[in-house]
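Participant: Going down the list, the protein sequences come from chains A and B. Residue numbers are given in the working numbering: position 95 of the first sequence equals residue 136, and the series is strictly consecutive. Residue numbers are given in the working numbering: position 182 of the second sequence equals residue 508, and the series is strictly consecutive.
In case anyone wonders, no lab produced these hints; they're calculated from the structure. All values derive from a computational prediction rather than experimental measurement. Check before you lean on any hint, since a few could be wrong.
[Unchecked claim] Pairs of lysine to aspartate or glutamate, EDC-like flavour, derived with a Cα cap of 20 Å: (1) Lys699(B) / Asp781(B); (2) Lys164(A) / Glu353(B); (3) Lys823(B) / Asp781(B); (4) Lys407(B) / Asp435(B); (5) Lys444(B) / Glu245(A); (6) Lys415(B) / Glu380(B); (7) Lys444(B) / Glu235(A); (8) Lys189(A) / Glu179(A); (9) Lys415(B) / Asp215(A); (10) Lys64(A) / Asp159(A); (11) Lys513(B) / Asp536(B); (12) Lys64(A) / Glu160(A); (13) Lys702(B) / Asp773(B); (14) Lys164(A) / Asp93(A); (15) Lys64(A) / Glu394(B); (16) Lys513(B) / Asp427(B); (17) Lys540(B) / Asp442(B); (18) Lys346(B) / Asp159(A); (19) Lys124(A) / Glu82(A); (20) Lys124(A) / Asp93(A); (21) Lys64(A) / Glu393(B); (22) Lys823(B) / Asp772(B); (23) Lys823(B) / Asp773(B); (24) Lys189(A) / Asp350(B).
[Unchecked claim] These stretches of chain A come out as covered by chain B in the derived footprint (C-beta under 8 Å, 3 or more residues): (25) 55-62; (26) 164-170; (27) 232-243.
Every residue, glycine too, gets a C-beta built ideally from N, C-alpha and C.
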Amino acid sequence: MPAATTATTDTTHVDIAADRVAKIYAQAIVDAADAAGQRREVLADLGMLARDVLPQVPEAEAVFASPKVSPEAKAAMIDRIAKDRLQPTTLHSLHVLARHGRLGILAAVVAAAERLADERDGKRQAVFTTAVPLAAAEQERIVGETQKALSVALVATFVVDPAIIGGLVVRVGDTIYDQSVATSLARLGGRLQERNIHAIQNGEYSWHS
Amino acid sequence: MAQLTDEIASVLREEIVRYKSGIDVREVGRVLEVGDGIARVWGLSGVMAGEMVEFPNGITGLAFNLEENSVGVIILGDYLKVTEGDEVKSTGRLLSVPVGDAVIGRVLDPLGNPLDGKGPVVTELRRPVETLAPGVAERSPVREPMQTGIKAVDAMTPIGRGQRELIIGDRKTGKTAIGIDAIINQKNSGVKCFYVAVGQKDSSVAVAIDTLRKYGAMDYTTVIVSGASTAAPLQYIAPYSGTAMAEHFMYNGQHALIVYDDLSKQATAYRQLSLLMRRPPGREAYPGDVFYAHSRLLERSAKLSKELGGGSLTSLPIIETLEGEVSAYIPTNVISITDGQIYLQPDLFFAGQRPAMNAGISVSRVGGAAQTKAMKKVAGGLRLDLASFRELEAFAQLGTDLDAATQQRLDRGYRMVELLKQGQFAPMDTVDQVLSIYAGTRGHLDDVKRDEVADWEKGFLTFVRDQVPELRKRIDESKELDAESERQLEAAIAEFKRQRAAKTGGEAKQFAGAR
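Chain A with its partners taken away, still in its complex shape:
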């Protein structure tokens, strides 16, 4: 079970065009990995590259994205870095991306590939937001209960956000199940306001000081 991390699904800034292209490459990569029977290994390789290696060497990202560096040079670079260290399918995927000048969106491709793999496994990404960090046992219990309630397998991510005050917010895909104290308070406030506006409109307003 993953520990509490910061939100990995940052949906504030989305590049639709890149997302669209990434989906196509992701499908090809997952298909190829499936054909080789190495889906898990390939995804692990790619995930490691995109999440652990690249952030450490920001220059590499710039080189990958730059159209000034020729595809051949990028391919040679990939061979030097990855040959013998990564799965052959991973290597081929990287070569294909390099040849088409798409290495710059590697992170998006990897994310899309992981989503696709989860989807094929019948799993869905879920983000659990709580006000305070939870113990591993609690996390497990919550995920289990949620899986039972929604009757779907979940890949859980835990996020801590004190702004929700208390309770739990679960996001699965685009749907949010919100039982946070903040939302309940907002609803209560809205209801009070609405009721009093109604009372004023109907002339039933009775508060005299």
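Chain A is fixed; fit chain B onto it per the hints.
Facilitator: Then chain B, alone, in the frame of chain A:
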């Protein structure tokens, strides 16, 4: 003070006790980009076309375009308050507006929010803005007349309850005036009126509202305003929300009249939205479904069958043409949708013929079915006569000698034209209209000087009202002009002419004596 805190505390307690803690389930997306009244939203994968969505700050939007990776939303409200990254919630509801008696007499925006400073619209009744038009089985033929109080319209292009009659013409030809006059004339008819101002100058709308108020028409009228400075999405939905408010009365067995002023501006707003949403442009850059936008709107005007209460919704859409170009895209579309058109021409307007209706190309496809028997009898053939008179007049201008019969037709035509002139905000009673037009079409005005026709008419109507009220009553009650009424009317005209001659003769004598 202590009492106040106690009261507040008790209300709070009550509210908390009653509060049912439920899970708030919502589907969300995020705003990717926003501008010019539209937003592109990422996520919202389960949203349906036309569904209402909610931005933060309570701004609503409408899912307009569903694309592979994003949703195009039109923002109904202040789009400057929506920013990139905002959370968008789907609501699972359709856009609706308040309806019923609470909206009568109000000035509202297209979402039903008050603009007249008279406080909130207090009603529980709401109706979706977009609904399906009644089907074939739910309708009955248009039969009852919808009197506009304008002689030229009621006599030549009669409008029935449930009809859609287009008012079309260049700018400044009196299009709005016809709509406003029609509303003013509904004063005692029980017809609820709706004036939808789309893309109009706020100053003109203020004048229209002031006029309606002055003539006591605001007691039964709702004005829906989406001025030239409001965002295109609101201008686009204004006619639909006005129709929703009017439909409420139709489905409750009552009658309603709605004036869309004007649909060319709405089409322009829709074009803007569609282009921003990157829908492919068609003719004149309008989207392909601009015809459907108007047809589904105007189809909602109907006369309902008896089983459904027999209510009706009459609509008077207005279209502004450029340089009289009726074959432009939007005018041809709306002409083909409506049941006839009143065509207003600038040259007639400036020649002093007001309303400047061109009798030749103005038609009402419902026609005589929507007239009282009396009106049908006196006005039958009037439109064609007047149209042929216009042709004859053009011919006579060549200066050729005319035979007596032609000259006589010309004289009759000139007098009919004079008779059909009518001041603004002066709608006329149906019986008065019948009396006037009878006198004109039966040639009783042929010996009256052209510039005295208006005076003669006024005098005659006063004469009938004062001296032969039983004739008026008879026509008013029977709604027809039988032989007996006709005989009485002939006698009345003869008597009036005698009195008038005596009076003017007397005046002439006096004048001569003074000299």
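Participant: Evaluate each hint against the coordinates.
Facilitator: Right, here's what the structure says about each hint:
Our distance criterion of 20 Å between C-alpha atoms is broken by Lys699(B) and Asp781(B), whose separation comes to about 27 Å. Taking the CA atoms of Lys164(A) and Glu353(B), the gap is near 19 Å; set against the 20 Å cutoff, the hint holds. With a C-alpha separation of about 13 Å, the suggested pair Lys823(B) and Asp781(B) falls inside the 20 Å cut-off, and the hint holds. Using a Cα cut-off of 20 Å, the hinted pair Lys407(B) and Asp435(B) holds, with the two alpha carbons roughly 19 Å apart.
Of the pairs offered as hints, the one joining Lys444(B) and Glu245(A) holds, with about 18 Å between alpha carbons and a cut-off of 20 Å not exceeded. Taking the CA atoms of Lys415(B) and Glu380(B), the gap is about 5 Å. The hint holds against a cut of 20 Å. Taken as a hint, the Lys444(B) and Glu235(A) pair is honoured in the structure, with Cα atoms around 19 Å apart against an allowance of 20 Å. Note on Lys189(A) and Glu179(A): the hinted pairing holds, with a Cα-Cα distance of about 15 Å set against a maximum of 20 Å.
Pair hint Lys415(B) plus Asp215(A) holds up; C-alpha atoms about 10 Å apart against a cutoff of 20 Å. As the CA atoms of Lys64(A) and Asp159(A) are separated by approximately 14 Å, the hinted pair is consistent with the 20 Å bound. For the hint pairing Lys513(B) with Asp536(B), the CA-to-CA distance comes to about 16 Å; that is within 20 Å, so the pair holds. Distance restraint check for Lys64(A) and Glu160(A): the Cα-Cα separation of roughly 13 Å lies within the 20 Å cut-off, and the hinted pair is therefore satisfied.
Taking the CA atoms of Lys702(B) and Asp773(B), the gap is about 25 Å. The hint is violated against a cut of 20 Å. Under the criterion of a C-alpha separation no larger than 20 Å, the hint pairing Lys164(A) with Asp93(A) is inconsistent with the structure, at around 24 Å. About 12 Å separates the Cα atoms of Lys64(A) and Glu394(B), which keeps this hinted pair within 20 Å; it holds. Between Lys513(B) and Asp427(B) the alpha-carbon distance is near 16 Å, which keeps this suggested pair within the 20 Å criterion.
Between the alpha carbons of Lys540(B) and Asp442(B) the distance comes to roughly 16 Å, so the proposed pair stays at or under 20 Å and holds. Between Lys346(B) and Asp159(A) the CA atoms are separated by roughly 36 Å; this puts the pair beyond 20 Å, and the hint is violated. Of the supplied pair hints, the one linking Lys124(A) and Glu82(A) holds, its CA atoms being roughly 15 Å apart against a limit of 20 Å. Of the supplied pair hints, the one linking Lys124(A) and Asp93(A) holds, its CA atoms being roughly 18 Å apart against a limit of 20 Å.
Taking the CA atoms of Lys64(A) and Glu393(B), the gap is about 15 Å. The hint holds against a cut of 20 Å. Between the alpha carbons of Lys823(B) and Asp772(B) the distance comes to roughly 12 Å, so the proposed pair stays at or under 20 Å and holds. Distance restraint check for Lys823(B) and Asp773(B): the Cα-Cα separation of roughly 10 Å lies within the 20 Å cut-off, and the hinted pair is therefore satisfied. Proposed proximity of Lys189(A) and Asp350(B) is supported: the alpha carbons are some 18 Å apart, at most 20 Å.
Three residues within the 8 Å Cβ limit are the bar, and the stretch 55-62 of chain A against chain B gives 4, so the coverage statement holds. Residue count for the stretch 164-170 of chain A with a Cβ under 8 Å from a Cβ of chain B: 0. That is fewer than the three needed, and the coverage hint is violated. Three residues within the 8 Å Cβ limit are the bar, and the stretch 232-243 of chain A against chain B gives 6, so the coverage statement holds.
Checked against the numbered hints listed earlier, the structure breaks hints 1, 13, 14, 18, 26; every other hint is satisfied.
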